[in-house]
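Starting from the given sequences, assemble the full structure and let the hints guide the process.
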Amino acid sequence: MTQTTAQRTATPRHYLMCPPTYFDVVYAINPWMDPSSPVDTAKALAQWEALRDAYVARGHKVDVIQPEPGLPDMVYAANGGIVVGGRALAARFTYPERAAEGPAYDRWFGTPAAEGYRRLGEANEVMEGEGDLLLIGKLLLAGTGFRTTPAGHAEVAERLELAEQGIELVPLELVDPRYYHLDTALSVLDDGAVSGEVVVAYHPEAFSPAAQETLRERFPDAILVGAEDAAVLGLNVVSDGLHVFLSDRAGAYADALKERGFVPVGIDLSEIFKGGGSVKCCTLELRPETTTPSAVPALTGTALASAVVASAVLADAAATTAAPAAPEETR
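Numbering (my numbering), first residue to last: 1 to 331.
Everything labelled a hint here was simulated from the structure, so no lab data went into it. Warning: the hint list may mix true and false statements.
To be verified - In the EDC-like style, the derived pairs of lysine to aspartate or glutamate whose C-alpha atoms are separated by at most 20 Å in a straight line are:
1) Lys274 to Glu49
2) Lys43 to Asp248
3) Lys258 to Asp221
4) Lys138 to Glu115
5) Lys274 to Asp24
6) Lys258 to Asp248
7) Lys138 to Asp191
8) Lys43 to Glu271
9) Lys274 to Glu228
10) Lys258 to Asp268
11) Lys138 to Asp24
12) Lys43 to Asp24
13) Lys43 to Asp268
14) Lys138 to Glu168
15) Lys258 to Glu197
16) Lys274 to Asp34
17) Lys138 to Glu164
18) Lys138 to Glu158
19) Lys61 to Glu115
20) Lys274 to Asp176
21) Lys138 to Glu289
22) Lys43 to Asp53
23) Lys138 to Asp176
24) Lys138 to Glu155
25) Lys274 to Glu97
26) Lys258 to Asp176
27) Lys43 to Glu68
28) Lys138 to Asp248
29) Lys61 to Glu49
30) Lys274 to Asp40
Claimed, not checked - Cβ-Cβ distance ranges computed for the label pairs, FRET-style:
31) Gly116 to Glu228: 37 to 43 Å
32) Asp40 to Gly116: 17 to 23 Å
33) Ala231 to Arg119: 35 to 41 Å
34) Glu228 to Lys43: 21 to 27 Å
35) Lys138 to Thr41: 36 to 42 Å
36) Ala100 to Thr41: 18 to 24 Å
37) Lys138 to Ala57: 28 to 34 Å
38) Pro220 to Thr41: 27 to 33 Å
39) Glu161 to Ala193: 16 to 22 Å
40) Asp40 to Glu68: 18 to 24 Å
Remember, predicted model here, so these are calculated numbers, not experimental data. Using N, Cα and C, we set each Cβ at its ideal position, and we do this for glycine too.
Next up, the structure:
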């Protein structure tokens with residue numbers, strides 16, 4: 001395991017989420033979905049609220065798009081589009097069951113809540129948003145193989161004006177149908193802007209040999225995640241540069257994150273998992289034209305350890321109250 005002395009720093013982010021008001025599994029368009037398995041919508045909503053509250057508690061802004069009847073997968077906001085440099089492009093989905101989600105997210109970008117973002121409309125090619133498009137610094141990692149097409153990549157590069165922003169698109173082919181979106185097989189953890197260390201994690205077997213070679217060349221110090229944690233969608237995470245919000249079932253991966261200086265925040269999304277998604281799937285990051293957020297004070301070494309202990313104490317105290325317990329940071 002690679003050790004690190006990098007200083008991890010949390011920076012405030014802006015997220016868009018959609019409550020699972022109409023969440024259900026009524027069709028199967030990925031290997032995780034089983035329409036015969038009942039869904040507890042109230043439990044899914046409580047889990048979603050715990051994730052949203054975990055973001056807000058750590059200084060992040062969360063906007064909420066209203067769910068629409070008949071769109072049970074709208075909770076997976078990351079698939080709704082991509083926002084880079086203030087430019088917002090809504091998705092075009094592979095399957096007809098999700099086709100109406102693209103226009104729904106596009107409409108949100110025309111509301112006052114999205115003021116400051118340039119609304120580009122829907123994609124013309126198949127492009128499933130941040131499910132397959134993960135930004136890390138000046139690289140846009142672009143998954144293909146099951147959903148987003150190479151033509152979709154080309155359209156994203158053109159309409160988001162990636163070249164003008166100095167961003168390089170890096171295609172990565174997925175080969176395991178369980179990991180049908182890039183964000184189920186790869187985590188963006190730190191872009192190195194503050195720490196000086198670029199960090200990703202991925203499950204090698206989810207990628208083609210050529211994509212594996214690309215990842216080894218681009219990220220030689222990546223965290224490699226095994227089959228057990230990948231199979232609980234442990235790689236489907238959101239990171240603010242310090243805190244990594246992930247499935248509470250990804251134990252070995254959480255330990256690896258701590259060794260690299262991150263603070264894992266375990267979230268129970270077991271009900272939402274039934275649709276084939278986890279933390280990242282529920283979270284679309286909104287990146288403004290000028291991304292110069294004020295950094296949350298860095299926590300490293302003794303300060304980091306103290307923060308984790310303090311968080312644990314607070315969580316234990318909260319557990320004794322009548323209110324539902326908030327997600328604990330992994331100890």
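Going down the list of hints, with the structure as the test:
1. Lys274 to Glu49: At roughly 17 Å apart (the allowed maximum being 20 Å), glutamate 49 and lysine 274 satisfy the hint.
2. Lys43 to Asp248: Cα-Cα ~16 Å, so holds.
3. Lys258 to Asp221: holds, 15 Å
4. Lys138 to Glu115: Given pair lysine 138, glutamate 115 is violated - Cα atoms ~24 Å apart, limit 20 Å.
5. Lys274 to Asp24: holds, 9 Å
6. Lys258 to Asp248: Holds, because 14 Å separates the two Cα atoms, which is no more than 20 Å.
7. Lys138 to Asp191: Measuring from Cα to Cα gives roughly 9 Å; hence the hint holds.
8. Lys43 to Glu271: holds, 7 Å
9. Lys274 to Glu228: holds, 17 Å
10. Lys258 to Asp268: holds, 19 Å
11. Lys138 to Asp24: Measuring from Cα to Cα gives roughly 37 Å; hence the hint is violated.
12. Lys43 to Asp24: holds, 12 Å
13. Lys43 to Asp268: holds, 10 Å
14. Lys138 to Glu168: This hinted pair holds, its Cα atoms lying about 6 Å apart.
15. Lys258 to Glu197: This hinted pair holds, its Cα atoms lying about 15 Å apart.
16. Lys274 to Asp34: Holds: lysine 274 and aspartate 34 sit about 7 Å apart, inside 20 Å.
17. Lys138 to Glu164: holds, 11 Å
18. Lys138 to Glu158: holds, 15 Å
19. Lys61 to Glu115: holds, 15 Å
20. Lys274 to Asp176: Judged against 20 Å, a Cα distance of about 18 Å means the pair holds.
21. Lys138 to Glu289: holds, 14 Å
22. Lys43 to Asp53: holds, 15 Å
23. Lys138 to Asp176: violated, 27 Å
24. Lys138 to Glu155: holds, 18 Å
25. Lys274 to Glu97: holds, 16 Å
26. Lys258 to Asp176: violated, 28 Å
27. Lys43 to Glu68: Status holds; Cα separation ~19 Å.
28. Lys138 to Asp248: Measuring from Cα to Cα gives roughly 30 Å; hence the hint is violated.
29. Lys61 to Glu49: holds, 14 Å
30. Lys274 to Asp40: With Cα atoms ~10 Å apart, lysine 274 and aspartate 40 stay inside 20 Å; holds.
31. Gly116 to Glu228: 37 to 43 Å: For glutamate 228 against glycine 116, whose Cβ atoms are near 42 Å apart, the range 37 to 43 Å holds.
32. Asp40 to Gly116: 17 to 23 Å: violated, 37 Å
33. Ala231 to Arg119: 35 to 41 Å: holds, 38 Å
34. Glu228 to Lys43: 21 to 27 Å: holds, 24 Å
35. Lys138 to Thr41: 36 to 42 Å: For lysine 138 and threonine 41 the Cβ distance comes to about 41 Å; the hint holds.
36. Ala100 to Thr41: 18 to 24 Å: Hint holds: Cβ distance 19 Å, inside 18 to 24 Å.
37. Lys138 to Ala57: 28 to 34 Å: holds, 30 Å
38. Pro220 to Thr41: 27 to 33 Å: violated, 44 Å
39. Glu161 to Ala193: 16 to 22 Å: Holds - the Cβ-Cβ distance for glutamate 161 and alanine 193, about 21 Å, lies within 16 to 22 Å.
40. Asp40 to Glu68: 18 to 24 Å: Check passed, 21 Å falls within 18 to 24 Å.
Of the numbered hints stated above, those contradicted by the structure are hints 4, 11, 23, 26, 28, 32, 38, listed in ascending order.
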